[in-house]
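Undergrad: Whenever a hint applies, use it, and build me the whole structure from the sequences.
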Amino acid sequence: PTAAYALFLLEFYNQDGKYMPERKTYILSGKDSYDWKEVQHTFFTPENALVARLGFHTYELEEQRMYIDNLKVVAEPITFIPKAKIDVLRDKLLNSAYAPLDYLEKLSHETETPHEKWFKPAAFTLPEILYLCQIGNTQECTDKRQIIELSQRLDLTYRFLPLLRKITNQPRCFGVLHPVYAPELEEYTLHQLENLPETPQLVIVQRIDFATHVQERFVTLLQQLQEKATGILFLDCQNIPPALLGQEQPLPAGFLQVPAMRRTNAADDARICSVYQNGPARVACFNQGSSWYYLSNLRYFKALPQRPSTSECPAYYSRDFPYWEYLYLPMIKSLRWLAGQEPAAAFSGSKEATIQITATAPQSLRLKVQVKNLQRGVQCELERSLDLQSGENSIELDSTAWPGGVHILEMQLLQSDGRVVDAAAVRVDTPETCLIPPLTLPVADRCFPPRGPLEFSLDIPVSEEQNTTVFCWVEDSDGRIVFQQERPAAPSQHAYTVPLQAPFTTLYRIFIQVRRRGQVLAERMEEVSCPEPQLDTTEVYGYFWGGNRESSKLLRDLGFDFLSIGWPQDNLGSGYIRNIANLNLYPSSIGSGSTLYKTSLNYRGDAATDPVRDPCFSDQER
Numbered sequence: 001p002t003a004a005y006a007l008f009l010l011e012f013y014n015q016d017g018k019y020m021p022e023r024k025t026y027i028l029s030g031k032d033s034y035d036w037k038e039v040q041h042t043f044f045t046p047e048n049a050l051v052a053r054l055g056f057h058t059y060e061l062e063e064q065r066m067y068i069d070n071l072k073v074v075a076e077p078i079t080f081i082p083k084a085k086i087d088v089l090r091d092k093l094l095n096s097a098y099a100p101l102d103y104l105e106k107l108s109h110e111t112e113t114p115h116e117k118w119f120k121p122a123a124f125t126l127p128e129i130l131y132l133c134q135i136g137n138t139q140e141c142t143d144k145r146q147i148i149e150l151s152q153r154l155d156l157t158y159r160f161l162p163l164l165r166k167i168t169n170q171p172r173c174f175g176v177l178h179p180v181y182a183p184e185l186e187e188y189t190l191h192q193l194e195n196l197p198e199t200p201q202l203v204i205v206q207r208i209d210f211a212t213h214v215q216e217r218f219v220t221l222l223q224q225l226q227e228k229a230t231g232i233l234f235l236d237c238q239n240i241p242p243a244l245l246g247q248e249q250p251l252p253a254g255f256l257q258v259p260a261m262r263r264t265n266a267a268d269d270a271r272i273c274s275v276y277q278n279g280p281a282r283v284a285c286f287n288q289g290s291s292w293y294y295l296s297n298l299r300y301f302k303a304l305p306q307r308p309s310t311s312e313c314p315a316y317y318s319r320d321f322p323y324w325e326y327l328y329l330p331m332i333k334s335l336r337w338l339a340g341q342e343p344a345a346a347f348s349g350s351k352e353a354t355i356q357i358t359a360t361a362p363q364s365l366r367l368k369v370q371v372k373n374l375q376r377g378v379q380c381e382l383e384r385s386l387d388l389q390s391g392e393n394s395i396e397l398d399s400t401a402w403p404g405g406v407h408i409l410e411m412q413l414l415q416s417d418g419r420v421v422d423a424a425a426v427r428v429d430t431p432e433t434c435l436i437p438p439l440t441l442p443v444a445d446r447c448f449p450p451r452g453p454l455e456f457s458l459d460i461p462v463s464e465e466q467n468t469t470v471f472c473w474v475e476d477s478d479g480r481i482v483f484q485q486e487r488p489a490a491p492s493q494h495a496y497t498v499p500l501q502a503p504f505t506t507l508y509r510i511f512i513q514v515r516r517r518g519q520v521l522a523e524r525m526e527e528v529s530c531p532e533p534q535l536d537t538t539e540v541y542g543y544f545w546g547g548n549r550e551s552s553k554l555l556r557d558l559g560f561d562f563l564s565i566g567w568p569q570d571n572l573g574s575g576y577i578r579n580i581a582n583l584n585l586y587p588s589s590i591g592s593g594s595t596l597y598k599t600s601l602n603y604r605g606d607a608a609t610d611p612v613r614d615p616c617f618s619d620q621e622r
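The opening residue of the sequence shown carries number 1 in our numbering; numbering runs sequentially from there.
I should point out that these hints are in silico values taken from the structure, not numbers from a laboratory. Everything numeric in this text was worked out from a predicted model, so none of it was measured. The beta carbon of each residue, even a glycine, is placed where N, CA and C say it ideally should be. There's no promise every hint is true.
What the hints assert, rightly or not - Label pairs and their in silico Cβ distance ranges:
1. Pro-241 <-> Gln-484: 52 to 60 Å
2. Lys-83 <-> Asp-155: 51 to 59 Å
3. Tyr-541 <-> Asp-570: 39 to 47 Å
4. Thr-497 <-> Leu-161: 18 to 26 Å
5. Asp-570 <-> Val-88: 41 to 49 Å
6. Thr-440 <-> Gln-306: 20 to 28 Å
7. Leu-535 <-> Leu-54: 43 to 51 Å
8. Glu-396 <-> Pro-488: 31 to 39 Å
9. Glu-486 <-> Asp-387: 39 to 47 Å
10. Val-443 <-> Tyr-103: 44 to 52 Å
11. Glu-396 <-> Gln-466: 42 to 50 Å
12. Leu-54 <-> Asn-195: 43 to 51 Å
13. Leu-161 <-> Arg-65: 45 to 53 Å
As the list claims (entries may be wrong) - Dumping the calculated SDA-like pairs for lysine to any residue here, alpha-carbon to alpha-carbon at most 25 Å:
14. Lys-553 <-> Ile-147
15. Lys-120 <-> Ser-416
16. Lys-368 <-> Leu-386
17. Lys-117 <-> Leu-414
18. Lys-368 <-> Leu-126
TA: This is the structure:
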């Protein structure tokens, strides 16, 4: 072309001469002039297609010309070398909708995320897991990361087989392919499931909506596995057929032994985790949410704090209470239960600092406890030998040396060789003898000007001032200590001015402890921010359209500065803004209003147009 746009595309028509728009493929498109360019495209004839049509289009603008030479349509050479059916099916996907298939079929353990080694090393061995995860054809989806997260917390082996949904069309929007799916899996996927080298004992099926993603043939394959006593964990699946579930069973004791940060009932617990018996097979359902982008179901999880009432996008790299970490305890116990492996001893309950352990027979084990605050700080560690009797055992822990307030006990039962028999986490509250009040800040909304300094004060009434000190330190969102000071507790008024130095971060965390003779009596943490980015117009900044809760840290490490946010979503309430702020990333809104989306939020009682800043950025007095 010599100007404007030119298109080269491939279109198909069926036996009745009807156009098949869902099979249209763009071979080349462009708007800039170029010299002769060689273009080659390989395609498979779609099902029910009879006629293929090559189309060359230029927009009706003056002086628009396109030159074509040496156009050929030839059949691929047929060799006499036999080719396995699986290879033929794979080639078909690689040359159609699943060009990144090599990437989609791979898993990498290179990146390690924050985690607790609950069952490493484990005292039990799970059979190899057949991991079936639906991921679509997008490389951005991080669902398949779930098995890696499990392997960080539990010794396991697995075989990964992605569930590839059949794609009928891939229209473009802003240059990005948006797949249109049929309600079925690709033949390539089903062929592999029908030709497994051996029957798996344990299967994870993840992110499948049985009403819209799969055909009956897939359901039949799972039923055939269940007839051979294969245990199945349905992870974040929707509309599971009753024939795959069977009879619901009560949750085994200790399954949801997690910190109780909110009141839940049996129905709430069942929304997170439920178990079934289906003939000879055991079944478990675990539901974090219906979207791969957000954990929308966690409002029913008892470890989620009351504030925020919901957080669908956790800030993994932060000082937030890591409620998402405690999801892995019932998830791992589900896998152990599905494999029919009952622990010789298990945590079965707790009341205050008394822990219940149920043992199947008399035995000697070690109890290891790590006591933490709500900001992931370790307050103390305990370890003691246990001589357990058959049945229920009560173990009382000494909490007198702990600070007042809420504590999280992360516990493990260990064999003499250090292997983990069971793990659990509970909440324990101790009396607050010295209450630290909220900080007094001289700024609104906890937002300080860029580059500080941070100023704050507080009044700590201490009944016994002798040998009592106030220890204060400040860290940035990368965990660097930028200030620390210990001073006598008397007088009770304490004021601080903390200068900040580069490199600056968006958030800063202020920690206050009251100590007496080396013992921490009370502690408190508050966050403040210096939220406005200091952009240098002579620098180049990295902007990424997309990203999600799990890839944000990776994008930051790759050098990006801005992540996009969609204006129709509740980016604050979901926790997405908090997630990227803790990584010192900045949000950049896509669009400026609700003209295209009916799902837009209401802002201050009015239909959303532009986000309103008070005062407005254009206000000369701001």
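Undergrad: None of the hints should be skipped; say for each whether it holds.
TA: Hints, one by one, checked against the model:
{"no.": "1", "hint": "Pro-241 <-> Gln-484: 52 to 60 Å", "result": "holds (59 Å)"}
{"no.": "2", "hint": "Lys-83 <-> Asp-155: 51 to 59 Å", "result": "violated (39 Å)"}
{"no.": "3", "hint": "Tyr-541 <-> Asp-570: 39 to 47 Å", "result": "violated (26 Å)"}
{"no.": "4", "hint": "Thr-497 <-> Leu-161: 18 to 26 Å", "result": "violated (59 Å)"}
{"no.": "5", "hint": "Asp-570 <-> Val-88: 41 to 49 Å", "result": "holds (47 Å)"}
{"no.": "6", "hint": "Thr-440 <-> Gln-306: 20 to 28 Å", "result": "holds (24 Å)"}
{"no.": "7", "hint": "Leu-535 <-> Leu-54: 43 to 51 Å", "result": "holds (48 Å)"}
{"no.": "8", "hint": "Glu-396 <-> Pro-488: 31 to 39 Å", "result": "holds (36 Å)"}
{"no.": "9", "hint": "Glu-486 <-> Asp-387: 39 to 47 Å", "result": "holds (42 Å)"}
{"no.": "10", "hint": "Val-443 <-> Tyr-103: 44 to 52 Å", "result": "holds (47 Å)"}
{"no.": "11", "hint": "Glu-396 <-> Gln-466: 42 to 50 Å", "result": "violated (32 Å)"}
{"no.": "12", "hint": "Leu-54 <-> Asn-195: 43 to 51 Å", "result": "violated (38 Å)"}
{"no.": "13", "hint": "Leu-161 <-> Arg-65: 45 to 53 Å", "result": "holds (50 Å)"}
{"no.": "14", "hint": "Lys-553 <-> Ile-147", "result": "holds (19 Å)"}
{"no.": "15", "hint": "Lys-120 <-> Ser-416", "result": "holds (14 Å)"}
{"no.": "16", "hint": "Lys-368 <-> Leu-386", "result": "holds (10 Å)"}
{"no.": "17", "hint": "Lys-117 <-> Leu-414", "result": "holds (13 Å)"}
{"no.": "18", "hint": "Lys-368 <-> Leu-126", "result": "holds (23 Å)"}
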